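Q: Residue-level listing of the chains:
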Amino acid sequence: MKVELVTPQKKLFAVDADSVSFSGSNGEMTVLPGHIPMITGLKPGPLVLRREGGQEIYAVGGGVAQIDGARVAILAESAEPAGEIDVARAEKARQAAEQALRDQSFYDETFAETQAQLARATARIDIARR
Amino acid sequence: MASLRDIRKRIRSVKSTQKITRAMKLVSASKLRRAQQAIVAARPYAVTMHDMISRIAQKSKVESLHALLDKRDETRRVMVVVLTSDRGMCGAFNSNAIKKADRYIAEHKKHWEAVELGAVGRRGRDYFKKRGFTIRREYSNIYDGLNFAVAQRIANEIRDEYLAKDLDAVYFVYNEFKSAVTQQVVVEQLLPIQPAKEETAGADYEYEPSPQEVLNELLPRYLATQVYRALLESQASEHGARMSAMENATKNASEMIASLTLVYNRARQAAITKELMEIISGSEAQKG
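Just so you know, the sequences run in chain order A and B. Each step along the first sequence adds one to the number in the working numbering, with nothing skipped, and position 93 is 93. Position in the second sequence counted from 1, then plus 1000, gives you the working numbering.
Be aware that a few hints might be false.
Straight-line Cα separation of at most 25 Å, DSS-like style, residue types lysine-lysine; simulated pairs [unchecked claim]: (1) A/K11 with B/K1178; (2) B/K1178 with B/K1025; (3) B/K1129 with B/K1099; (4) B/K1031 with A/K10; (5) B/K1009 with B/K1165; (6) B/K1110 with B/K1165; (7) B/K1178 with A/K10; (8) B/K1110 with B/K1071; (9) B/K1031 with A/K11; (10) B/K1129 with B/K1100; (11) B/K1110 with B/K1129; (12) B/K1059 with B/K1031.
Keep in mind the hints are simulated off the structure, nothing from the lab. Here the structure is a predicted model, which is why all the values come from computation and not from measurement.
Starting from the given sequences, assemble the full structure and let the hints guide the process.
A: Take a look at the structure:
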């Protein structure tokens, strides 16, 4: 099964893998070869790629994933290998987002965006600490 | 006739100009290379996204599925976004985009109630401001450190205005990168989004949680991708145009130096001849 992880600025990998797990719109999911064709939303969180007996972990931002039996294309707004996450920066982003959330109401235009920022930062911190 | 000293000065000044144009050409060439790499790097994302949207569009009548796809009955308020550079010295790059936008507006104005301008880059902004257009949005100095987040910010602002019905349609006018020496100005409709309903091969997909929800995720990102691509194309075109403009300037400077050197040598010869004549006629006179 071929798995691709692509962001608007680059292709992170396109490799043969045994399985790949990520947070879909309806929750955590694992895709194995032969999965039914599906297009799903992607939530910020960890992406685990298993191949050649090992696993690789990435932090991905929101996006969409296109799955068919032989190929999984994951389009993420951002993506980085777990080892390259700058925890200090992520922590700062998390605090900034939390502060911003306290300062605005649910009805503000930017509320959803700030929430997404918070989710992204939190996910990155979690992944880096694994 | 100009004195020898004047000509020497001209030659020196042309030479130093040539040094500048040559350096600018080299800088543009390396920037162009980077811009081209960025275009190539952005392609896989855009292609896959395009494919997904075509699939959904083919499957169902999408126009009713999402506000960004919904073509309004009347297109009243329009924004034309012109992509130009912040700096000049790039040949016809800016004036081509500006002229195209001008023409497009003139041709379509009668169908619209109001047209406003969006300006990416200072050149376009200055032009349209001077001619009394309303600049609804302007973005300057975005090309240094251009990344997807910049495109996303622009796309989100435009999207919000569209959804608030402050705008009914948005067009982008920009230089599409063909090669280092050729650019082509294109007009693209950014909003409402027109999904290509091309035949897509492969299986029938399930949508999780629903086609509607997937479109919600997909379309705003698609919009940002479109903006990003336009910015990248324009950026590469700018550097390509500047590179060839500077190459021409360098060549012209060489020609000028050659012809000035010729004039200089001729003048020097004339001066020597004149001096010799004076000496000879002087000595002839003494003999007599």
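Q: Confirm or reject each hint.
A: Tested hints:
no., hint, verdict
1, A/K11 with B/K1178, "23 Å, holds"
2, B/K1178 with B/K1025, "19 Å, holds"
3, B/K1129 with B/K1099, "14 Å, holds"
4, B/K1031 with A/K10, "18 Å, holds"
5, B/K1009 with B/K1165, "62 Å, violated"
6, B/K1110 with B/K1165, "20 Å, holds"
7, B/K1178 with A/K10, "21 Å, holds"
8, B/K1110 with B/K1071, "19 Å, holds"
9, B/K1031 with A/K11, "21 Å, holds"
10, B/K1129 with B/K1100, "16 Å, holds"
11, B/K1110 with B/K1129, "21 Å, holds"
12, B/K1059 with B/K1031, "42 Å, violated"
Hints 5, 12 from the earlier list are contradicted by this structure; the remaining hints agree with it.
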